[in-house]
Amino acid sequence: MTSIITTIVSFAQNYSISGRVTDYNGVPVDSCSVIIYNPDFSEALETLSDSNGYYRLDSVPKGCYAAIAAMRVNEYPRMQQVPLEEMKLEFWAWNVIVDNDLTLNIRYDKMELYGTKAFFEYGGRQELLIYTRPMSVTKVINDPNFMNKAAQEKNTNVTVAPEFIDFKVYVDGRQSDIISVQHLSLPNTNGNLINDDCYLIQASLPGDIYSHFEKPYEIRVVGHNKEFDEWGESVYYLEIPQYNKLDNKRQ
Numbered sequence: 018m019t020s021i022i023t024t025i026v027s028f029a030q031n032y033s034i035s036g037r038v039t040d041y042n043g044v045p046v047d048s049c050s051v052i053i054y055n056p057d058f059s060e061a062l063e064t065l066s067d068s069n070g071y072y073r074l075d076s077v078p079k080g081c082y083a084a085i086a087a088m089r090v091n092e093y094p095r096m097q098q099v100p101l102e103e104m105k106l107e108f109w110a111w112n113v114i115v116d117n118d119l120t121l122n123i124r125y126d127k128m129e130l131y132g133t134k135a136f137f138e139y140g141g142r143q144e145l146l147i148y149t150r151p152m153s154v155t156k157v158i159n160d161p162n163f164m165n166k167a168a169q170e171k172n173t174n175v176t177v178a179p180e181f182i183d184f185k186v187y188v189d190g191r192q193s194d195i196i197s198v199q200h201l202s203l204p205n206t207n208g209n210l211i212n213d214d215c216y217l218i219q220a221s222l223p224g225d226i227y228s229h230f231e232k233p234y235e236i237r238v239v240g241h242n243k244e245f246d247e248w249g250e251s252v253y254y255l256e257i258p259q260y261n262k263l264d265n266k267r268q
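Per our numbering, the very first residue in the sequence shown carries number 18; after that it's consecutive.
Hint data in this document are derived by calculation from the structure and do not stem from the laboratory. Wrong hints could be hidden among the right ones.
As the list claims (entries may be wrong) - In silico SDA-like cross-links for lysine to any residue, where the CA-CA straight-line distance does not exceed 20 Å:
#, residue 1, residue 2
1, Lys134, Ser221
2, Lys185, His241
3, Lys185, Val157
4, Lys185, Asn122
5, Lys232, Ser221
6, Lys171, Val157
7, Lys185, Phe137
8, Lys134, Asn112
9, Lys79, Tyr32
10, Lys134, Phe184
11, Lys243, Glu102
12, Lys166, Arg95
13, Lys232, Gln192
14, Lys185, Cys215
15, Lys171, Asp214
16, Lys243, Asp40
Keep in mind that this is a model prediction, so the values were computed, not measured.
Work out the full structure, taking the sequences as your base and the hints as a guide.
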């Protein structure tokens with residue numbers, strides 16, 4: 018009896034992640050690699066989209082994963098396997114919480130929104146703060162160091178300047194109002210003078226937060242680089258913090 022119960026519990030703790038990969042014209046993308054990463058950024062599971070763009074990761078253990086990345090591997094610039102005009106950068110989803118079957122639809126193109134993270138502002142205003150770092154494939158491949166990742170990260174700014182970037186934010190598929198966009202110019206960690214263009218987006222959080230205590234928000238950020246007409250997006254799964262009721266009686 019014990020082994021039967023253990024088997025049932027073990028099965029119940031595994032879920033699926035599925036969706037469709039398309040470009041920004043809605044055309045399905047086949048043979049797209051979709052990878053989910055463990056907290057230490059080792060690969061947990063990987064699959065490929067089919068001829069209609071659909072993918073499915075089965076038997077994903079319950080838990081919180083660092084990220085999901087997606088793109089056709091041969092389109093990555095340093096692979097040098099496609100013409101320059103077909104090179105792209107990947108899609109990312111962050112803080113992927115798997116405690117139910119998850120649907121994640123993916124679009125990717127020539128701009129990558131990396132390191133996206135969303136924060137909920139508790140208090141009088143129900144708002145989001147979202148950090149993201151957009152990178153341009155055109156700037157990547159036009160740089161003399163582009164085949165040397167370490168040299169490029171040390172010497173080149175491949176991010177998108179504030180005069181060229183536009184953002185949209187979607188919360189569970191519903192467009193949010195952007196209140197402000199703050200440009201952050203962050204020095205490279207190696208101490209040189211190359212500054213990366215990052216952004217802090219202040220956006221409204223529609224709906225009743227209390228309905229999301231059992232389900233995380235899907236915060237989707239879509240970016241457009243007007244300089245080279247590049248698109249990109251990323252997702253962050255945001256859990257609303259829960260606070261226990263306290264007994265105000267002092268012992």
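Quick rundown of the hints versus the structure:
1. Lys134 x Ser221: Holds. Lys134 to Ser221 sits at ~15 Å (cutoff 20 Å).
2. Lys185 x His241: With a Cα-Cα distance of about 9 Å, the restraint between Lys185 and His241 holds, given a limit of 20 Å.
3. Lys185 x Val157: Violated - the C-alpha atoms of Val157 and Lys185 are around 24 Å apart, more than 20 Å.
4. Lys185 x Asn122: holds (16 Å)
5. Lys232 x Ser221: holds (18 Å)
6. Lys171 x Val157: Holds: Lys171 and Val157 sit about 13 Å apart, inside 20 Å.
7. Lys185 x Phe137: With Cα atoms ~17 Å apart, Lys185 and Phe137 stay inside 20 Å; holds.
8. Lys134 x Asn112: holds (8 Å)
9. Lys79 x Tyr32: Roughly 7 Å separates the two Cα atoms, so the pair holds.
10. Lys134 x Phe184: Distance ~15 Å between Lys134 and Phe184 Cα, so the pair holds.
11. Lys243 x Glu102: holds (17 Å)
12. Lys166 x Arg95: Holds, at about 8 Å.
13. Lys232 x Gln192: Holds - the C-alpha atoms of Gln192 and Lys232 are around 19 Å apart, at most 20 Å.
14. Lys185 x Cys215: Given pair Lys185, Cys215 holds - Cα atoms ~15 Å apart, limit 20 Å.
15. Lys171 x Asp214: Measuring from Cα to Cα gives roughly 14 Å; hence the hint holds.
16. Lys243 x Asp40: holds (17 Å)
In summary, the one numbered hint that this structure violates is 3.
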